[in-house]
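Asker: Listed below are the residues making up each chain.
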Amino acid sequence: MDHAELMLTAELAAIRLKDGELERLGVEVDRMLEYFDVMDSVDVSSFEPTTHASGQCVSLRPDVPSEGDVALAAGGRDAASIESMLDQAGDLEGRLIVIPNVL
Amino acid sequence: MTADMQRWRELLASPAEYTEYLKARDRDVGACLEIRVSGHEGPLVDAGSPPSGSLAGLPFAVKNNIAVKGWRLTCGSKLLSEVVAPYTATAVGRLVDAGAVVVATTNLDEFGMGSSTDNSALARTNNPRDLSRVAGGSSGGSAAAVAAGEVPFALGTDTGGSVRQPAAFCGVYGLKPTYGAVSRFGLTAYASSLETIGVLASSPDLAERVFETMRARDPRDQTSVERPAEESGDARSDAFGGTSVRRVAALRVGEGLSPEVSDVYRDSIRAMRECGIEVDEIDIPSLEYAVPAYYTIAAAEASANLARFNGIRYGIRPFHSDSPQDLIMDARSDGLGAEVKLRIMLGTFVLRSGFQEQYYEKAQRIRTRIGRDMDSVFAAYGALLSPVFPTPAFVHGDSSMDAFAQRLADKFTVTANLAGIPALSFPAGVRGGLPVGLQLHAPAFAERRLFDLMRSLAERFPALPCGGPVDKGGAL
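Line by line, the protein sequences give chains U and L. Going by our numbering, the first residue of the first sequence is number 1, and it counts up by one from there. Going by our numbering, the first residue of the second sequence is number 1001, and it counts up by one from there.
Same shape as in the complex, but just chain L:
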């Protein structure tokens, strides 16, 4: 166990101290919606005894659209602000079984819809590296909690970039796993065919350990799958030699990157080449259609998934209604935010009779083409490098980053969700005191390749210290 892990273990063994520490750290950051370290009987872990379980004694935070029994499950929505989860998500349960302890739930864009966490109806989250800026989204609270040094890792969800983008903004690691690798049971569905539970962590090794602990087929999620035989057991290497990925494709990016991201991207390609990796810049023309296809599919699925939130069985409902239909309309109209309403409306429209072929079916065909194009990339290269977001973390309310601009800026992240492949966002540089993240994609179920590659590049791409601003060495 590293000194860092031992420190977390000791913190968790003193619930009162840890609570004070967490609350003090979170005061300006606002990452957490609920903090609960104490309330358990006796110390949670005994710092003196040897740890049992692969994550024994490690505290973690959970994005508040993932169920933890007995904790509120708000999804960042006014409508669900009083709902208490009646069961625990499989992914969380597997981590708890391995000895990790939930200490907080984290803020998010309502139902995971946004890139700033400013779409939360419940709290404002600031970027620990610069409090005037957003933490990214939609798993902004989880990324901020890790970057602020509140927890060593946190769970997020990634439907179109919602783990990787806040990880990039906050200077931590963010893994979006292969679709189906981690059970979605207990995740409040937004776009079922695109989303995965992912990890935000202070180091790639810890992110991998958490992922390996969570991944498993779950009878309660019919889309979860066994890990393929070639990735199981001690078969450490893959078709490209695991640790020895020698050819990486880098997405050619024309205009549209901020000078900071462009600079870090160019530098990183150069650094990889200096590390002996052959990097070819490539074009993937179908990605031009990725964002419209993604939003068509995501909105369609959202309109169906969110239809259940009607105030009848749970959720905030109006004091008086004349009819059940009125109750439903009022509960949804008052309880849902603007971005959520827009996506539900869009999804309802594209699924309407007469429009399905024009929008939804077309988007599904584009999705197939993008998947095939990614297969072609991985037939020739071990991994694909790309930016995560066109800019570093932006200032709250930045007029050049309105809701529409934020959606367009998903252009680098939605590909992994459409193709169902894993992608790892990592801190690649710092410009003007702000972290800049890039991401590496791999074929389905080749997460290990991403971590091996990251380890082989550790000297050139070191982890940023967590705890606060980068220029203060991570200290608050």
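Looking at chain U on its own, in the form it has when it is part of the complex:
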């Protein structure tokens, strides 16, 4: 992968790479991609791609309140309270999460 490709991939991955890191990661990424090329030597065109690990369809529950929702409402063991979620934020103003100016 050339420098421009590497930088574009890093940007898409939302990772800022420092100089030494860029070089080292570039070598590692190339090494893995070269290794992936071994897959070119096998013809698997007659096989469908696996799209679900256990071949099961996605199972949906009926659209009615479930135990999980009841637990949430009752503040049960599995309930994640809004406060406990907000407590995790890096910077709060009241009940709002602070981020740098967008504009």
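These aren't lab readings, by the way, just hints derived from the structure by calculation. No residue lacks a Cβ here, since even glycine has one placed at the ideal position from N, Cα and C. Just to be clear, a hint being listed does not mean it is correct.
Every beta carbon over 12 Å from chain U, so not counted as near; a handful from chain L, in silico [claimed, not checked]: (1) Arg1455; (2) Arg1460; (3) Asp1471.
Within a straight-line C-alpha distance of at most 20 Å, the following computed EDC-like cross-link-like pairs (lysine to aspartate or glutamate) qualify [to be verified]: (4) Lys1411/L to Glu34/U; (5) Lys1069/L to Glu83/U; (6) Lys1411/L to Asp37/U; (7) Lys18/U to Asp1330/L; (8) Lys18/U to Asp1028/L; (9) Lys1078/L to Asp87/U; (10) Lys1078/L to Asp91/U; (11) Lys1069/L to Asp87/U; (12) Lys18/U to Asp1322/L; (13) Lys1078/L to Glu21/U; (14) Lys1411/L to Glu28/U; (15) Lys18/U to Asp1334/L; (16) Lys18/U to Asp1326/L.
Starting from the structure of chain U, add chain L where the hints point.
Answerer: Just chain L now, with coordinates in the frame of chain U:
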């Protein structure tokens, strides 16, 4: 209840003593990230009263990428080092409902990415059998906690071998269940289509009891499934007669095994034959492509799953940023380790427009072929035996086992994840004071077959005493 289980129950009934015991044991091993036995009101269990629940009074540890409400959920990452889990994973909740008690969370390779637990940003874990060596990974803390005699069992997660490999390095049992058998709700996702919550335990019976307690369809995990009818109730035997698996395939392994693992593998095949099992060595050519296919899929899923860790709602963030985008880039750049960044970069690349067919789709087709090949194996054999890792536990920083070499060494474990089938790692021998583990695979939902087979071979493959080095009889 066995004497061993009674001992655990008594330990847990004295929180102060147990805390001291745990901390003393863990001082040199470093398996745990957080230990919390006390802080509960009164004794956790009453050693005098009869136990209720299938796991009543048993302490356990949880790999720190599985949520336990009120405990930190670091995933071994600097980025998440201060995050506290706001809810409890279904698998943990089911064990607690059965009477088991969480006493510790355990160290891991960051987000489960590695084979040594040295990729943790938070602590160093040593192998209790030889402290100069790694415990394996990524569930190294859980394996070490069991092998050091800190807890009778611990939860791990297995995306490409992360339960079985540390189990092999530490000389304990490690079950990677069928994909979908155990709910993943509360497991911090890395590669969703490959990973399962698994068990590390000091005995196969306990591993089975824990697994049976955890398994269930969970409305909060859409990929979890009911156990198939033929495996439910008291239908103890399966298509191959359950306890009487008579034909086992052993993966033919050419070069690439260390003398220790090669020796134990040959010995084990011989021992199984002496126990009356017909063992045929077989080739599975598609496995040559298993590791590249696995890393393509795992990296792709990781790049998507880990995109949420951006420092906005939770996680360590920089003191100052000029824009939200800067905040995200800096939080991720400073907070994520080298292996995680590499896999995110790789995954982002293989999913990019123009490259998907070459890498991701190809890998998914190879995955289908490997699944079919495993079906063929199980049409003729009750189980498949293979090594777990090419070497016993290696020394921290071993230059012959760099990150790339560790990834290649996943060649024996990723098959079970790609095919979604169960596999049980068990201590098969000891060489030079180090445990060597092998693994048995079975068809999807045939975990019971693995445990039955293990029990039938118990005399030849006994459990190793837990507590410390093997040559000291497990004593620290």
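Asker: The structure should be examined with respect to each hint, and the outcome stated for every one.
Answerer: Right, here's what the structure says about each hint:
In this structure Arg1455/L is separated from chain U by more than 12 Å, as the shortest Cβ-Cβ distance comes to about 27 Å. A cut-off of 12 Å between C-beta atoms confirms that Arg1460/L is not in contact with chain U; the least separation is 33 Å. Residue-level check passed: Asp1471/L sits 38 Å from the nearest beta carbon of chain U, beyond 12 Å. Taking the CA atoms of Lys1411/L and Glu34/U, the gap is near 17 Å; set against the 20 Å cutoff, the hint holds.
A threshold of 20 Å between alpha carbons decides the hint, and for Lys1069/L with Glu83/U the separation of about 13 Å falls inside it, so the pair holds. Simply put, Lys1411/L and Asp37/U have alpha-carbon atoms about 16 Å apart, close enough for the 20 Å limit, and the pair holds. For the hint pairing Lys18/U with Asp1330/L, the CA-to-CA distance comes to about 11 Å; that is within 20 Å, so the pair holds. For a cut-off of 20 Å, the pair hint linking Lys18/U to Asp1028/L is broken: about 35 Å separates their Cα positions.
Distance restraint check for Lys1078/L and Asp87/U: the Cα-Cα separation of roughly 18 Å lies within the 20 Å cut-off, and the hinted pair is therefore satisfied. As the CA atoms of Lys1078/L and Asp91/U are separated by approximately 18 Å, the hinted pair is consistent with the 20 Å bound. Taking the CA atoms of Lys1069/L and Asp87/U, the gap is near 13 Å; set against the 20 Å cutoff, the hint holds. For the hint linking Lys18/U to Asp1322/L, the alpha-carbon distance of about 18 Å falls within 20 Å, and the restraint holds.
At roughly 18 Å between alpha-carbon atoms, Lys1078/L and Glu21/U fall within 20 Å of each other, so this suggested pair holds. Simply put, Lys1411/L and Glu28/U have alpha-carbon atoms about 19 Å apart, close enough for the 20 Å limit, and the pair holds. Distance check on the hinted pair: Lys18/U and Asp1334/L sit about 10 Å apart at the alpha-carbon level, within 20 Å; holds. Between Lys18/U and Asp1326/L the CA atoms are separated by roughly 14 Å; this keeps the pair inside 20 Å, and the hint holds.
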